[in-house]
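Order-wise, the sequence lines are chains A and B.
So in my numbering, the last spot in the first sequence is 177, and the numbers never skip.
So in my numbering, the last spot in the second sequence is 177, and the numbers never skip.
Hints listed in this document are in silico derivations from the structure and should not be mistaken for laboratory results.
Treat the hints with caution; some may be incorrect.
Note that identical chains are pooled: a pair holds if it fits in a single copy or bridges any two copies.
Derived PhoX-like pairs: lysine-lysine, alpha-carbon spacing no greater than 25 Å straight-line [what the hints assert, rightly or not]: (1) 135 <-> 165; (2) 88 <-> 146; (3) 104 <-> 88; (4) 161 <-> 55; (5) 168 <-> 135; (6) 9 <-> 62; (7) 161 <-> 135; (8) 62 <-> 168.
Computed from a predicted structure; not experimentally measured.
Number of protein chains: 2
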Amino acid sequence: MTDFFELTKIRQSCRDYSDQPVEREKLVKCLEAARLTPSGCNSQPWSVVAVDDPKIAAEVAKTTAQLGVNEYIAKAKAFFIILEERAKLMPAVARILDSQYWAKGDLGAFTYALTLQAQELGLGTCILGVFDRPKLREILKIDNEKPIFMVVAVGYPADPKIRNKQRKNFDELVRFV
Amino acid sequence: MTDFFELTKIRQSCRDYSDQPVEREKLVKCLEAARLTPSGCNSQPWSVVAVDDPKIAAEVAKTTAQLGVNEYIAKAKAFFIILEERAKLMPAVARILDSQYWAKGDLGAFTYALTLQAQELGLGTCILGVFDRPKLREILKIDNEKPIFMVVAVGYPADPKIRNKQRKNFDELVRFV
Numbered sequence: 001m002t003d004f005f006e007l008t009k010i011r012q013s014c015r016d017y018s019d020q021p022v023e024r025e026k027l028v029k030c031l032e033a034a035r036l037t038p039s040g041c042n043s044q045p046w047s048v049v050a051v052d053d054p055k056i057a058a059e060v061a062k063t064t065a066q067l068g069v070n071e072y073i074a075k076a077k078a079f080f081i082i083l084e085e086r087a088k089l090m091p092a093v094a095r096i097l098d099s100q101y102w103a104k105g106d107l108g109a110f111t112y113a114l115t116l117q118a119q120e121l122g123l124g125t126c127i128l129g130v131f132d133r134p135k136l137r138e139i140l141k142i143d144n145e146k147p148i149f150m151v152v153a154v155g156y157p158a159d160p161k162i163r164n165k166q167r168k169n170f171d172e173l174v175r176f177v
Numbered sequence: 001m002t003d004f005f006e007l008t009k010i011r012q013s014c015r016d017y018s019d020q021p022v023e024r025e026k027l028v029k030c031l032e033a034a035r036l037t038p039s040g041c042n043s044q045p046w047s048v049v050a051v052d053d054p055k056i057a058a059e060v061a062k063t064t065a066q067l068g069v070n071e072y073i074a075k076a077k078a079f080f081i082i083l084e085e086r087a088k089l090m091p092a093v094a095r096i097l098d099s100q101y102w103a104k105g106d107l108g109a110f111t112y113a114l115t116l117q118a119q120e121l122g123l124g125t126c127i128l129g130v131f132d133r134p135k136l137r138e139i140l141k142i143d144n145e146k147p148i149f150m151v152v153a154v155g156y157p158a159d160p161k162i163r164n165k166q167r168k169n170f171d172e173l174v175r176f177v
C-alpha cells in the first residue's frame, strides 16, 4: 500500500468473488489487525467466529440471502462472524454508563479494520447486517444470549474494478469553527 | 506508511500534546478519509464539527475534563465532534429495521478512520466518550435533538514513544471453524 487514504478509496463492498480459495494466514492477519482496534476503556467487546471450511462457509452464505439482495455471497470463500462481548468499563465509568454503551461503535471500528486489512492483502469483503440469526447460531453453535453484530464475507474479487464511491459532499459533512 | 498493520500498531490514544499547531489541511485530509467509510445502505449517518480556533478549542477541552481523567486534553490543538445523523436505509431494509439500527457501528468505523488518517499524518488523537454534553452543545451551537457520538482530540504528540497495546490473546478472540 502507498497510504491510508488510498486504501480507504479502494476498499469497497465486493459483490462477486473468484473461485480462488483464501489462505488461512491472510484471515489471521486480518484478525490480528482488528485485534488492535481501540475501544472504550479498552473493553474490547468483541470476538469472532472465522469460517473457512468450504461446507460450513456455504451454509453461512445461505443465511445471508435475506431480502433477496445477497445471492452473490454464495461465492465467498470465508466469513468472519463478529460477536458482541460483555464490555468491562473502568469503575469510574461503569458507575455512570451501561457496560455496552460504547460497544456498537467499538464493534464498527473493529469490523472496518478487518475489511481494510483484507483489502491491503488483495481480498474483497462485504459487510452484511441482515441474515437469518437463529440459523447462523445453529450452524456455528453461537450462544442465544450473545448478540451477533455483523457477518463479513471474504474472498478474492472476480472483478478488480474499483467503483466510484457515492458520499456526501465535504461541505455537507463538515462545519469548521 | 509501509502498511496498514503497522499503522494500527502505532495508532494510540495520545495523552500529551506539543505546542505545535495543527495545519487545517491535515484536518481536512482526516475528514476526507473518514468520508469514504462504509455504512449500512451507504446511509452515512454522520456529520462533524471540526474545531481549530484556539479559543473555542480551549472551551471544548474543558467540557471533556469529566471524571477527573482527561485534563491532558487542554493541550490538544483541535477537535472533531462527531454527530449522529438520521440514516436513510433502502426501502426493503427500512421496512424491517429502525433507521438508526446500524448507526452507532457506522459511526465507530468513521471515528477510527479519522484517527488512523491522523496517525499517518504524524498527528496524535484521543477518542473521548465522556464530556459535558449540554455545555458542548452550547459552545458549538449543536441542536439538542442531534446525538453527539464522540469527541476526538487532535494534536502533535509531545512524546513519540509507542506504548505496547494490551489486548485479548488471539485464541481468546477467535474461534476458527
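Within, between, both or neither: residue 104, residue 88 at alpha-carbon 25 Å
So residue 104 and residue 88 pass the 25 Å test inside a copy (14 Å) and across (19 Å) alike.
Between residue 161 and residue 135, at a C-alpha cutoff of 25 Å, which is it: within one copy, between copies, both, or neither?
neither (34 Å within a copy, 47 Å between copies)
Regarding residue 88 and residue 146, is the shortest C-alpha distance of 25 Å or less found within a copy, between copies, in both, or in neither?
within (15 Å within a copy, 27 Å between copies)
Check residue 62 against residue 168 for me: Cα-Cα at most 25 Å, and say if that holds within a copy, between copies, both or neither.
neither (33 Å within a copy, 31 Å between copies)
Intra- versus inter-copy proximity for residue 135 and residue 168 (alpha-carbon distance at most 25 Å)
neither (36 Å within a copy, 28 Å between copies)
25 Å Cα threshold - placement of residue 165 relative to residue 135:
neither (33 Å within a copy, 36 Å between copies)
Up to 25 Å between alpha-carbons, please classify residue 9 paired with residue 62: within, between, both or neither.
For residue 9 and residue 62, neither the intra-copy (29 Å) nor the inter-copy (35 Å) Cα distance is at most 25 Å.
Alpha-carbon proximity context of residue 161 and residue 55, limit 25 Å:
Result: close neither inside a copy nor across copies, 29 Å intra and 46 Å inter.
Checked against the numbered hints listed earlier, the structure breaks hints 1, 4, 5, 6, 7, 8; every other hint is satisfied.
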